[in-house]
Every structure is written in structure tokens, then in C-alpha cells.
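Chemist: Each chain, letter by letter, is given below.
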Amino acid sequence: MTGREKLIARLQQVMARSSADQTEVVYIGGESGLTRYANSYIHQNVYESNCRIFFRTVLGKRVGVASCNSMVLADLRKTLEDAVEIARQQPENPNFPGLPKPAKYKALDTFDEITAGFSPRDRAGAVKKVIAEARRKRFTVAGSCATSCGEIAVVNSLGVEAYQPFTSASVNMIAMSDTSSGYAAGTSRQVSDLDFRRLARVAVDKCDQSQNPRGVDPGEYEVILEPPAVAEMLEWINYVGLGSKPFVQKTSFLSGRIGKKITSDKVSLYDNALDTRSAAFPFDFEGVPKKKVAFIDKGVARGVVFDRAWAKKAGKKSTGHAITADENSEGAFAMNIFMAPGKVKREKMIGAVKRGILVTRFHYINGLIDTRNMVLTGMTRDGTFLIENGEIVGGLKNMRFTDSFMRAFKSTVAMSKETQCVDSWWSAVGCMTVPTVHLGSFKFSGKTEF
Amino acid sequence: MKEKLKECINWLRGKGVDYADCRYIRREKEALQVSDGHVDGMSHNLDVGVGIRVVANGAWGFAATANLTTAELKKTANLALKIARASAMTKQEPVVLAEQEPFVDHYKTKFKRDPFEVPAEDKIGLLVNVCDILRKSKKIKTAESSMEFYRINKLFVSTDGAEIEQEIMESGGGYAAISFDGKEAHRRSYPNSFGGDFATSGYEYIEGMNFLDHAERVREEAVALLKAAPCPDTTTTVIINGPQMALQVHESCGHPTELDRVLGTEISLAGGSFMTIEKLNKLKYGSKIVNIVADATVPGGLGSFGYDDEGVKAQRNWLVRRGKFVGYLTSRETAPVIDQRSSGAMRADGWNRLPLIRMTNINLEPGSWELDELIADTRSGIFFDINKSWSIDDKRLNFQFGGECAWEIKNGKLGRMYKNPTYTGITPEFWNSCDAICNKKHWHVWGIPNCGKGEPMQTAHVAHGVAPARFRNVKVGVSK
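Keeping their order, the protein sequence lines are chains A and B.
Counting along the first sequence from 1, when you hit position 246 you're at 246 in the working numbering, and nothing is skipped either side.
Counting along the second sequence from 1, when you hit position 5 you're at 5 in the working numbering, and nothing is skipped either side.
It should be emphasised that the hints constitute simulated quantities derived from the structure, not laboratory data.
It is possible that part of the hints are untrue.
Residues from chain A shown here face chain B by an in silico Cβ test under 8 Å; the list is partial [said to hold, decoys possible]: (1) 67; (2) 94; (3) 98; (4) 121; (5) 131; (6) 142; (7) 262; (8) 372; (9) 402; (10) 441; (11) 444.
Chain B regions said to be covered by chain A (calculated; three or more residues, Cβ under 8 Å) [claimed, not checked]: (12) 29-35; (13) 172-182; (14) 365-379; (15) 382-392.
Where is the CB? At the ideal position from N, CA and C, for every residue including glycine.
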């Protein structure tokens, strides 16, 4: 960790030599460790110390971006020169709105000393607890435990100075028998929030309860979707529907539907990076303060997230959701999504199902089939159960669903009181804080052999 | 740098490690994106660092740093050693590596025109011109075009005595038009979706794709999709065109033959495989015309290299021969489980990532059909083009893939266009229904620059040599 004063001073020192009209420097750096285990032993155990420094230079309305991963002064100056040269080579981009002006940021506590100091030995110790819980039932277990600490800084020649240190910790686990598997996971800014033994018991219990699964025919079912399942759907919904680019390009399910009712009024979906129940963060990669953005409010479509360039294209204002400058063409991205909870306890939700399916999580969802109708397909995984007369009666073989998010969530029966913060599965960026969801109708289109 | 790495290796040797290797990687990337005629992004990225892999006390440790001073490298080597010792806390069996000749060699991608030396105005000019053609219809709301280039310098040194230098050049690009009529939106791409087509090559690969020659067709097909009929929900014959076949091979043969998945070490993220060890040399994976190889030696393939990231020479190996499952993608650690030596498939997404078993060029060998003859030979069916969506279960059995568009085949001729087409199946049933594959003339190695695997997530650049192929009794049209 470099620290605020030293880091900002270094970035400003380099920026001062820029010949561009406007210059922005973004630093993302830190240390991360990840311990991966399978077949109940650690098979991969990695550490990385790295940084990335992005220079965005502006000549009139011409923009150049260059980045490097070295804090050596000569390397930084060379990268800055590259960015200026790239800007020089380009035609003007009338959509470029210029760099942002200084702003105030909400004070957020996103750093935890214990997490920053969590060693490979500490992670191995946590994994041993998980393995021990699985052994009680003679199950094997696979998963990962990761901790990291880092700092992000944004400075620009208009006076923006933003700095935030952060830590993160996460664990996931799959307990496995010969015929079944069960999943549990947790994530937080503080490793002490992760109860490794309790999570392992959840995975082990799911594995135990779903042994010798039976098959049911595809069709329309009532479902209970647990938080990892809901989050995996939202991950794709976010990618193809909640950002500025798909909204402006009209491929988003929200394009042309703002103000219209698109789901049950029990559904409220928003992004709030200032809420510490999520992986909170005060500003984006342009140094714009994060704002709360409603996507769906009580079933009514409300909006999407924007960065400055895409906001200009759409005649809107930035919501503070810019990604790094090398990916600017992809538009803004929501990283702290919340689905509003309800008032019912999870157990009571299951009790209200006459005949339905409980899904722990999904695998390999894809949301590109028909993005205007937000059609998703994916497989269930690691704990799929049949519910009859309000009780879980046994495990089910995995099934494929293919359904429209809007159609399925029009049938929302209830949201649970409890929520869980779930890591992104594949993008390694952001998290989703969501309840368990009870849907009256969900379409399963196929099944598999296990 | 080589001397610094050798110093690290010697230091680790002195600490009594079972094995160690150091990889220095310098990766330079240039990316250009044009949207609606404006340059939305042009960037240059440089990424340099060293990753150190150690086996000590019979277990693995890995540490990586971007700080290349001798002191920092030694500190990182020491950390890798400590991490290996922490891993040993849960060890069951000690790590055993297959024997490997320690090569001392140099490899370089053959290319004609260095893309980093091509003037920016030439690249931007081509991308803008393409967008101009795509936008000539009012129904096209967005036109996008892009190029990416990579120059990767690698240096590998190991306690076995290997010293390997490699310089890999990659080039690729493509474009897409998005049509919108106030209600529906459809995308049509060239030459492939998700960024186009890529190869280990120079700028001549971009020139060879003849971007401008296809832009009018792409535009008109994107517009036509707005009025196309939905793909029918039925069971029928399908002919799958090259880019979609590449995805089919990738998901249903490439991933399930990765031996680390089979042994359970990828379960926590992307799952396992139905192609388990007892099925090797027994499973009838496909029909007798289905022959699939892993070939890291194909000239220009995006999965081509001289040596993998644990110093194993590039190879060509059978995965499926005359329909029978006969081989895996392996590493030095996994190959001994099936009494073999590594197939040379360990690849890392940079200096800061641990090598994993990854696809190289996984190729479906060509058959004997002309595409016109194959369509003429099909009484009724659907012709699928270019991938749009993909989903498969965690053992790689039940899949559902979608295309950008499809055409009805009626009495041996292509008929009306279908929108949002999908097909679904169970992997071995599907491949056993393959009754025709087009010939070498239609065979192309498609570069896929976005294959995800591992924790932390790694993106691999892989490829698939394929030709259009026909499959019988396939369920199509599940989209809602």
C-alpha cells in the first residue's frame, strides 16, 4: 500500500509534464492471494502484487489512452507520451464531453487491516475448516478462498483528486457425494465476516439432502430461487440490459420502456455503491461520485447507469459508473446491484409452495438469446430440490431453464426478508445483494443426466 | 532478464525445492474501437512481470510481481516457497510431474506486416469506412468495428534446465451492425461475433478478411432480421456454419477433454466433465466421420505457439478419432494419471496467472462435402450461422446454443430467414448424429480470444479449425 499523499503526489508529478489540453491518471494497484482447493486438498495457491496506471489525454476532442503496470518514473512518462501520441493520431470525437471537474466524495470505510494481513497460512487454515466439515459426512469439497487489499486513485488536470483504499475477502465451496453436490459462498470487505464452518455446513447439508436425485419433466414450475441463483441471473441482466451502451443501442430490455410496468410490483432493482452492505466504493474510474440509480422501481422501468461519454450521447448526466478508460467504448457498468427484500422469512416461502423446485444456483447462464425480451437460459447446479406441500422432499437432477426475466418476474409471489451479498461469477468485478425469490411460474426447457 | 530469472531458479534450487519455474512476460496490446463513424477508443497497454511457480514439500506455490528488481524477484521467489509450504497443510499425495526434456530454444510467430507499425490512420480509416457502409440504412441504429493486436514476449526458465524464449504476434478484428425498428433489435456480425476473427499473424490477417466486401450483406441481413420469422420449435436436420461450429467444438469437445476438469480441479468455477477416465478409448463420442485433434502447430492458429507455459513443445494429438474418444489435453502434473507425458496444453493469461490446461487449436478435421452439395442434399432443415448465445451444463452434456440468424432449408435450397434461432442437445447424442462435414475448401481456423477459466479468472486465446457440418434430429427453437 502506497498511501494517499504519496500516491496522489506521484501521479500529479507525472501528469504535470503532459502536453495535452486535459490529462487524467488512474491508478489501480494492490496485492491479492487466492487459495484454491479440490478433492479436499489445496491444489492452487497464488499471490500477486500488481498495479495498472491509465493515462487518458485530450487534445481538443481527440482522446488517447495508454496504460502500463510500472510505477517507475521513466515508464510512467513514456506511457503518458504514448497516450498523447495516440490522441494526436485520431480524428475528433464529437461525443467526448471532456474530463470531469472536482467533486466531493462520501467518506466510506472500505479497508480492514485484518483482511489485508490475511496470509497464505491463514487461508490454508480456513480451507482446513471447510475440509473438516465435509469429512464429517465423507464428502469431498472444492472451492476457493481469496483475500486482497489495494488502493484506487484518480487525478486529472482539472483538479480531481480521488483516493480510496479497500480490502475484500470471499470464499466459495461445493461439497460433493457420489450422486449430489451442495454450494455455499460468502463475500465481504472483512474476512472476519466469513464464517467458514457455518458456510461449509450449508454446503454439506445441501449435498446430503440432494443425494440420489430423481428426474422431473421440463415444464412450467413454481420456483424458489436462492440468492446465488438470483445473482447469476442479474449478472447477465446487468451485462446486456442495465448499462448505458445497450440502452443507447436499443438492445436493452429497458430501452423504450422507461415508465412502463415490466415486472411484478414486488420487484425493485437498483445500484447503490454507497451502501456498505455491498462492496461499497465512493467514485468511478473518471473520479465522478457514485449515485444511487433505480433500474426497476416496484415493477416500473426507471433507468440505467451512465458514464460521461455515454451520458452525452443519451442527453443524460453521468451516474458515476464509468469503467477504466481502455474499456470506455463498452459504456458504464453497475457494480453494486441490490434487489429490494420483502417481509417473508425464507422458510415460510418454501412452506407456501404446493409443488415446485428450489434452485440453489445456476450454471453458465446466457442472456444474449433475445435481449429485448431479456430471455435467459442456464442450468441448475449444486443443490436442486423438489418441494411438495411446503416441504423439501428430495434432490432433483439438474434442469435447463429458458425464460424471459420480465415474464418470470411478473409472477413474483414473494421476496425474502433476508438478503445475501453474492460475488460476480465471471467478471470478477462487483457484487449483488439479493433476497431469495419465490416465482409463481418459471419455465424449464430441458434436463440433463445428473 | 534471463540472468535474473536464472538467479531466482538457483536460489530456489538452493532451498531444496522439488521443482520451480520462472516466467517473464511482456505483453503489449493495441485496441481500436469505432462506433457510428467515431473513434470510441484507441489504447495501448503494456503489461510486464514475472510469475514464479514452486513445488515444495510436495505442494504448489505461486507468486508474481510487476517489480523486476533483483531484490523483489527474490522476495517473490521466497513468497512462492512459503505459499507452497502453506499448501502442504492439506496435502494428500505429493505433486508428481511427468518427465520433460529441458528445451533451450527460441520461437517466433511468422508474420509479414507488424501491426504496431501500421499507421493509425490506415487502421482507423478502414474501421470508419466499414461503419459508413453499415449505416447506409435508417434501420441500422449502431455500427461498430474494432481491431486488436498483441505482441507477447515470453521467457521461461526452470530447475529442469529449460530456457525458452518466444515472441507471439496476434492480430484480429471484425464489425457488427445493430438494426432496430422501435420494437426489436438484431445484430449481424462479420466475420464472427464478439470482436471478429483472430490469428497468430501480422496485419496481413486484417487485410485478408476484406472487411469492405461484406459490409453491405451484413447491413442488409441485420435489417432483414427485423422482419424475419421466429425459429420454429421442432426437431429437424441442422447444418451449422463455420463460426458456430467453432463454438460447438469449443464447448462440447474442447472443454470436456481438459484433464484438470475431469480430475475435479475446476469444479468450483466452470465444472467438471462427462468424459471421465474410464471412458478413454471406449466412449463412442461421435459418428465415424468425427475426427478432432488438438493441434498447437497449425500455422496462424490463435492457439499456436512453440512451447506451452511449462516448457512442453507444441504438439498435435487426437482427441476423437473415427468417432471414438481417444485423448485429453494434459499438463505435466495430470498426464501421469493416465500414464502419459504432457500434451503441451498448459497456458497462462500473463505473468501473474498460474498456467492451467487450456485449449490450443481444437480442430474438427474436414470431410468431403461441398457446402452447396450438402444443402442440396438436405430435404428439410435449418442452416445456422454465427454464434449469439451459449450455455452448457457443468459436465458439458446438455447444451443450448443460439445463432445471430438462420435460414430454412427446403427441398435442398435455402429459404426464408429465421430470427433468434437456438438448438439444444446432449453432447454425445448430438455428435453421433453428425452425417456430413464439408471439405478442406470450407475449413477455416477461427480464433477465439475470450475463453474464460480458472480462479482468478483467466482469458485464453484459442482456436478451432472447422468446416460446416450436418446433424440429424436436433431440437431447435427453444427461445422463450
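Chemist: Against each hint, give a clear statement of whether it holds in the structure.
Modeler: Here is what the structure says about each hint:
| no. | hint | in the structure |
| --- | --- | --- |
| 1 | 67 | holds (5 Å) |
| 2 | 94 | holds (7 Å) |
| 3 | 98 | violated (15 Å) |
| 4 | 121 | holds (5 Å) |
| 5 | 131 | holds (6 Å) |
| 6 | 142 | holds (4 Å) |
| 7 | 262 | violated (14 Å) |
| 8 | 372 | holds (6 Å) |
| 9 | 402 | holds (5 Å) |
| 10 | 441 | violated (13 Å) |
| 11 | 444 | violated (11 Å) |
| 12 | 29-35 | holds (count 3) |
| 13 | 172-182 | holds (count 3) |
| 14 | 365-379 | violated (count 0) |
| 15 | 382-392 | holds (count 5) |
Checked against the numbered hints listed earlier, the structure breaks hints 3, 7, 10, 11, 14; every other hint is satisfied.
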